[in-house]
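Take a look at the letters that make up each chain.
There are 2 protein chains.
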Amino acid sequence: MREPDLARLLLEAHRSLADEWVASMEERGYPGVRSGHAVIALTIDRRTGTRLTDLAERARMTKQGMMLLVDDLESRGFVRRVADPEDARAKIVRLTTRGRTYVAESRRVLQAVEGRARRGLGDRRYEQVRDALEWLAGEEEDEEE
Amino acid sequence: MREPDLARLLLEAHRSLADEWVASMEERGYPGVRSGHAVIALTIDRRTGTRLTDLAERARMTKQGMMLLVDDLESRGFVRRVADPEDARAKIVRLTTRGRTYVAESRRVLQAVEGRARRGLGDRRYEQVRDALEWLAGEEEDEEE
DNA sequence: TGAGTTCGTCAATCTGATTGACGAACTCAG
DNA sequence: CTGAGTTCGTCAATCAGATTGACGAACTCA
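So the protein lines, in turn, are chains E and R.
Residue numbering for the first sequence follows my numbering, beginning at 1 and increasing consecutively.
Residue numbering for the second sequence follows my numbering, beginning at 146 and increasing consecutively.
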């Protein structure tokens with residue numbers, strides 16, 4: 001067996017892609033991009049907005065963690081928190097016009113980065129890697145019992 | 146193309162493996178294990194010790210970051226900093242007896258975790274994934290020019 | 001109506017990693 | 001031998017990401 005550093009490799013590969021995304025976004029005129037923004041760009045409902053709790057759930061992180069991300073996005077003018085007419089406790093995180101542009105650009109760049117990876121690896125290997133990663137990410141996490 | 150969330154998958158797979166390692170170490174009676182300890186276990190010279198700067202370089206992190214890890218390991222009695230006879234500026238991070246046991250156990254568990262992944266994926270796919278990850282981790286990082 | 005739950009928030013904490021500064025020690029050209 | 005520049009480990013400050021705990025306000029439903 002080679003050095004048992006699969007975990008490290010996974011982390012480095014992650015960083016490589018995340019850094020590439022951030023750098024590419026900054027080149028396109030979006031300073032202050034954070035890697036966490038990507039999850040929101042991928043999961044927020046672009047027309048109606050999404051509740052914070054739902055965003056957190058989709059991103060598999062805590063509400064508190066998501067709140068910090070939303071705070072950041074809000075301070076940059078990309079989202080607004082509006083009251084949920086159906087539940088006075090809840091607030092809906094809704095994209096502003098600038099936010100819609102930002103999200104569209106984010107997704108484009110995300111696709112571009114991933115497209116490069118796909119071309120580099122070849123379609124078949126790319127798919128195999130994805131399957132393997134899904135398996136790795138999924139197994140073991142429900143082993144408490 | 147599927148959702149362009151390869152980066153997220155990589156991170157989740159990393160966390161899954163890292164958590165498994167930590168949990169397994171704790172089960173074996175090593176509380177307070179940190180994921181960062183693994184790099185040291187894999188790269189430190191187990192007989193003669195290694196200078197902090199070299200450890201940092203091997204782990205591809207800053208000296209300061211490595212220092213925090215070494216501080217932690219030292220406070221747990223797994224390493225000692227001893228003067229380098231060849232360079233009065235330098236200190237050698239050397240394993241204590243307990244440290245040697247800890248490192249041996251770390252490596253065993255690391256192998257076990259990785260072995261499970263390998264069996265789950267099958268040898269061929271495992272190797273393909275490793276190659277793909279190396280490529281992903283390596284490309285692009287020298288794109289500043 | 002009241003017990004229990006959910007929503008967003010605040011506060012504190014932790015881990016990982018960074019940059020900047022700095023004294024002490026080393027290297028080497030002149 | 002000297003002094004300029006570099007390297008080693010450290011301290012300090014900061015930042016990003018994420019967590020747990022607590023809490024008021026609002027909702028649900030027996």
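Hints listed in this document are in silico derivations from the structure and should not be mistaken for laboratory results.
Quick reminder that beta carbons are idealized off the backbone N, C-alpha and C, glycines included.
Some clues are possibly wrong.
[Unchecked claim] Partner residues are not named here, just some residues of chain R that face chain E (Cβ under 8 angstroms, in silico):
1. Leu155
2. Leu162
3. Leu187
Going through the hints against the structure:
no.: 1; hint: Leu155; result: 4 angstroms, holds
no.: 2; hint: Leu162; result: 4 angstroms, holds
no.: 3; hint: Leu187; result: 6 angstroms, holds
In summary, the structure agrees with every hint in the numbered list given earlier.
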